[in-house]
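A.B. asks: If you want the building blocks of each chain, they are given just below.
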Amino acid sequence: MKKLDLPPALDGKNLEGYGTAVDQPLIVRCDHLVQFYESDEFLADCVSAFIEEGLEAGEGAILIGTARHRADVESRLLHQGINLPALKASHEYFSLDAAETLSQFMANGLPDEKLFHRQIGGLVAKAGNGGRRSVRAFGEMVALLWDDGNADAAFQLEELWNELSRTHAFSLLCAYPMSAFNKASDGEALGRICHEHSEVLPTENYMTSGRNEDERFRTIALLEQKAKSLETEIEKNKHIGDRGRLLAAIVESSEDAIISKDLNGIITSWNNGAERIFGYKPEEIVGHSVLKLIPPDRQHEEPGILARLRNGLRTDHYETVRRHKDGNDIHVSLTVSPVRDDTGKIVGASKIARDITERKRIELQQQVLYELTSTVNRAVALPEIYESAIDAICRCQSAQRAAILLYDAEGTMRFRAWRDLSDEYRRAVEGQSPWKREDSAPQPVCISDVSHAELSVQLKEIVAREGIRAMAFLPITYEGRLLGKCMFYYDKPHPFTPEELRPAQMIVNQVAFGIERRRSGENLERMVNERTASLREAIAQMEEFSYSVSHDLRAPVRAMQCYAEVLMEDYGAKLDDHAKKYLERIIHGGLRMDRLIQDILTYSRLSRREIQLRPISLDKLTREIVGQYLDLGSSMQAEISVEGKLLNVIGHEASLSQAISNLINNAIKFVPPGATPKVRIWSEQRNGEVRILIEDNGIGIKPEYQHRLFSVFERVHPEKNYEGTGIGLAIVRKAAERMGGKVGLESDGVSGSRFWIQLPAAETE
Amino acid sequence: MSASEPVILLAEDDDNDVFFMRRALQKAEINHSLRVARNGQDAVDYLEGAGEFADRVRHPLPAIMFLDLKMPFLDGFDVLRRMHSQSSLKNIPVVVLTSSSEDRDRRKATELGAKAYCIKPPATDMVREMMRLVYERGENVDVSAPGCLGKLSDD
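Sequence lines, in order, name chains A and B. Using the numbering used here, the first residue of the first sequence is number 1, and each one after it goes up by one. Using the numbering used here, the first residue of the second sequence is number 1, and each one after it goes up by one.
The hints are simulated quantities; they were obtained by calculation from the structure and are not laboratory data. Nothing here was measured: the structure is a model prediction, and the numbers come from that model. The C-beta atom is built at its ideal place from N, Cα and C for all residues, glycine as well.
List of simulated lysine to aspartate or glutamate pairs, EDC-like, C-alpha gap at most 20 Å: (1) 70/B / 544/A; (2) 108/B / 610/A; (3) 70/B / 543/A; (4) 108/B / 544/A; (5) 70/B / 552/A; (6) 27/B / 565/A; (7) 27/B / 570/A; (8) 70/B / 594/A; (9) 108/B / 543/A.
To list a few chain B residues with every Cβ distance to chain A over 10 Å, as calculated: (10) 36; (11) 51; (12) 73; (13) 84; (14) 85; (15) 90; (16) 107.
Bound conformation, chain B alone (with noise of 0.2 Å):
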């Protein structure tokens, strides 16, 4: 964690979506910067202090991420991936946020070491227990609809 202001960082490439979490944000009153990579190859490099985010006092590695799966040139689940294969990056806490509900995504995600499973539209409620459980607990969280928690069984 660096000494600047703690980060959120967004892999989104959907503008709509950036609106409503920076909304939600807001919403739940988190004044974390929130950095946007607009696709995984983006949010690799800016985890890795790669190209022009080298800089890690301006671009400091994230306090939280919330991953989008489907995504130009490498995929949520290539970012896992990465980040799982990389000490530095492998206890940064991921929270899935995706449109998807299959189960196989979401099976996917908790094996690549992803902390929660989140349904857009991200909700303030939802947000707000994100970043909660994170300082608070670290646990994994899934949560499966808008606006719904719930604890992710073990298996």
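So that you can see chain A by itself, here it is in the shape it has in the complex (with noise of 0.2 Å):
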């Protein structure tokens, strides 16, 4: 076969060989071309000169074409002086339709091959008068086939034109439209195609201008370039495909509604997300307004969500309310975006629509439990619990009736609160309970339908006459427990789940807290009476006891002292000093005796004594007692100083001079032998209260033994050295804690110490 290089220009002249060899042998002899071509104009042009060029030169000629090709041709060769009939007659020229010469060897879809050979052969025999002549033909079959998409039978066909090319003698021109090959993937066909044929000879657009070596290259070049922009174009488009597949993909995923619409709220598009959400197929909403969307009460949110888009602002995470095609509403978030054309203009909006129902409905319980939970905690009579609770398991349950009942004293399960129950159920159920109260772990029953439920034919009646369709019981246990329980019934079938009890079952538990916490509390307010009773009691006796005390206890002992005075001033004169020394132990005995009766009748007195606090003058009460002192204990050549003017204090009194007077004689008392005491009283601010510092040049107290000194009977010094009771530090603590004060001691053991009480500041003048 022979190839060429270059397409030639198919004006007929440099057609080198086509019918001039009719010498040579005729295998090699045929030629096979194939010409793309745009317009009919173009083909009927070519098809015309290859026809001419051949009837001119004697050959044969076979135009199989449709019939406007046939038409256009053969009006060309007529317009060209070509007598066609003659020919036609003289079986020089056949002129066939395509599709039906094709329907002569076609069988199931493909061409057969002895048909074929039959048929065609036949042809191009007649037509070249048994071989004693070239033949031309114009072929338009393999085209049709192509263009009904039956490539294979095309290519089939291509295929026995050539086998045929071996027997007989011709040239064979095929054509097909160059729109047959639009498609990227019709590069292969169109390069088997070509490889078919011995020449190939492009569309017009390369063919007209094509006369030197130059000009071809440059439309070679042009062509080149056209093609890579073409790829790249491709490539291009190939990307935003993929893109786009892939986001449309992403979107059809997507467990949120992802819907489009224009400015005018008309939807435009709809995932799977928004038909899973509400309920409408795409081709039920696509070019519906949103409107359709949205509940009645919320229509008027539209326009401002439209508005708000007109000028480019998004509306991010809107909680509303939607509506589902089955006209229940639905809890949305909505964030809605404005969607840009190329140029940037706002062409409509994306909106994305989450089904926050079952989050709306998590925080619509944990309010309610929140606020149940207040409600029990406020402690508040028992039946505003009941009340509360009512209402919280009919709103977390959306349950339309509830009731609560609790075991009577009787141990029968009687109603304590209900909403919407009638007088006749409530008394045909009372008393009834699917536990029993030894039950250690009572469990929940659940009712999904009354009409096929295990009940006796008298209650299913009472129940269906109520309008109950399904019904929960749950049990009130506290601690294990039963205390009773709580229902709540539905007037439609309804189907329990394992979780959506949970939240009546936390409710009931806060109504079994409440109910205990209730008998508790009274227990706990029983006894705390009880106590109080015991305690009050127990301090009148201990009182009657420091009275018997105070009188019973001292009387001997004053007797004991009284009496050896007397025997002193009367009998003195007659005694011996030894025994006069004895009387004098006695005496001495029985003051220390009285003195230590006193202390612990002080003692127990400041601790029980309802005392009242008020503002004293520190300095006034201080100095009183000094003098007191100095007045007294001239023998005692104690060296006592207030420094400054002392600050006012908040105390009692009497419980505070008391308290005074006892660090002063303590300052005072122990000092070593032979020593003068040297006292210093004054007053300083602490955290806005005042304390009274009372420093001694004693012996002091060691640190260890400080913490010990102001307990009841505790002496750090030995009695022989320093007299005193060991009551006297512990009836100042005493007074101080008494007037909410307290006490305290600075001593390094050596060199005095520094008492000091603290006592809230009142305003000192």
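Hints are included, so try docking the two chains, each in its own frame, into the full complex.
C.D. replies: What follows is the structure, encoded as structure tokens:
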């Protein structure tokens, strides 16, 4: 087969070899050309030139084409002055309809080899006058098959033509419209078609200008440029396409509804999520207004959203309510964003709607539980807790009615609170329970549909009359004890899930807690009252005891002491010094005993006496006490100084007086033998309180003993050196505590002590 | 006041305290006749002239009464209450003589009309002062500690 490297211009002049080599062997003389074309005009020109040249050279010619193409070609041939009817008559020229001819050898969608040979082979032989002249043929049958999408048949037919060329001498011109190869994937088929032919003639775009080599190269360069740019464009489009497909896949797989709408609120796209959330199929909603999704009372929202949109503003996570196809409202969170075209103009909106119904439900449950817990914690009366619990149950469980029943004293479950239950119903079911009181772990009982439940006929009838279709019984238990039950009801059959009962369970637990707390509160109150009464009695007894002590215990001591004094007075002259000394000891012992009893009485009186606190002039009080000391205690030789004006305090005068006296006593008492007691008294501000400090030059108290100092009967120094009852400082501490103050001590255990009492401050004028 | 010698009534159940009182009066050189009631009931009987005390010549109303608070049957407060409710008795000066230094006892005694409140044991000076006050001034007197004298404040 002859191959051409360059597309020749098909003007008929430079088609070397066409019909000129009759004397050459047939097998070599056979050409198989393919002409691509854009316009029918061009095709008709090419084909008529091809045929004309052959006819003029005395060759046979066959035209197998569509009616239109044949007419176009023949009109051109006639125009050239070719006597087509004569040539037809002499069997030099054949004109056949392509489809009709094709049908003569096609079998089962493919060309039949034998039929082809018989039909077409016969035709070529006739036109070639039995091989005595060359033949030119134009065939459009492959193009028809190609156009039908039957590429396999087209290729087989090309093959059959090629095979035919081995036994018959002819030149075949095939023609394909370029429009048949628009797709990129057609490139391979085009290549194969080209391969089937000995010559390939491009479309008129590249045929007309190719006169000289330079122009041809220019044409090729342009062609290459065009191909390149097309390739790039194609690649780009492919990317865009990929991205588009990816985005579409993302949108489709989203759980959220992703909807687009135009600026008038007309829905333009609708994903699977939207179908799932709103119930509409795309074909039911696309093209409709988005208002279809908005409940009547929310329709006003859309103009605002659209207005924001036109201003390029997003509406973010806007929580609202939308309507499902079935009429139920759905809580959604909306994000509406403007969509712009390539020029940045806002052309519509993307709208993402997330179904937050479940979240809203949980929020509601939390809110309800929170409110109930607060109610229970406020320790309100039980009926209020029951009412709150019933309200909570109805809201959390979306139940129409509910009731709370508790065991009464006789062990019968009685209605304590209810909603929307008739007297008749309550009378009929009161006292009934799915559990026994001693059941250790009573479980909830749910009846999804009363009509199918195993209930007594009588009960079923009552329940039906009440309009109840489904119900749940929850045991109210506390620490394993069954207290009662909570029931809630639905007017329609209701499939229960274990998760669904959880909020109700929590509510019921709160009720149980409230009941139990009330009970334990009552118990506690009773206990406190009993204890208080017994404490009061103990205090009364204690007072009685103290009273007795002050009278009865002191009487014999006083008698001893007095008799000793009488003895000394009346018989002293008759006694020797030893006897007198013993008598003195008896008197001294009696005095100590009396003082001890008085101190104990003072201490116990301080502990139980009810005192009223009021502002006290510490300065005046202290100076009075000191004055008494200096009057009485001249034998002590003490130096007591009050420094500055002492600050006023809040306290109880008698208690404070007692405490200060004791501290001064103490300060004077513990001096080394032979030393003169020196006591300094002053006051200081301490954190808004007043501290009175009493410093001595005594023997001090070692830090390790200081903590014991303020306890009853604690003595740090041996009594034989320093006389005392061991109660004085305990009285000081008790007095300070009763006045809301405190006491303390600073001492290194060598050079004196500094005791202090700290009390709330009063205004000092 | 009867024509017979003046009488001091001591309501006291403790023999020792009776002894100390008698001794204090002696030492103070007060020569009144001392009549001793051994409990509250006896004291009231004496004052009201009941039973064996009906003879007012032999048992005249006292010029002053020293009254212990803690006694069997009727206590000192009961005696004060009974005296306060009878016009013939409520002007007899009463000195409470007790071992109680409790504020509440002091307050209560004063409220019930006691003229003075003295802590045992009775000292010679105290007794003398009491007698003097009764005869000369008739004021309320508070004697907080043995031997110590002081006026009761009005509150």
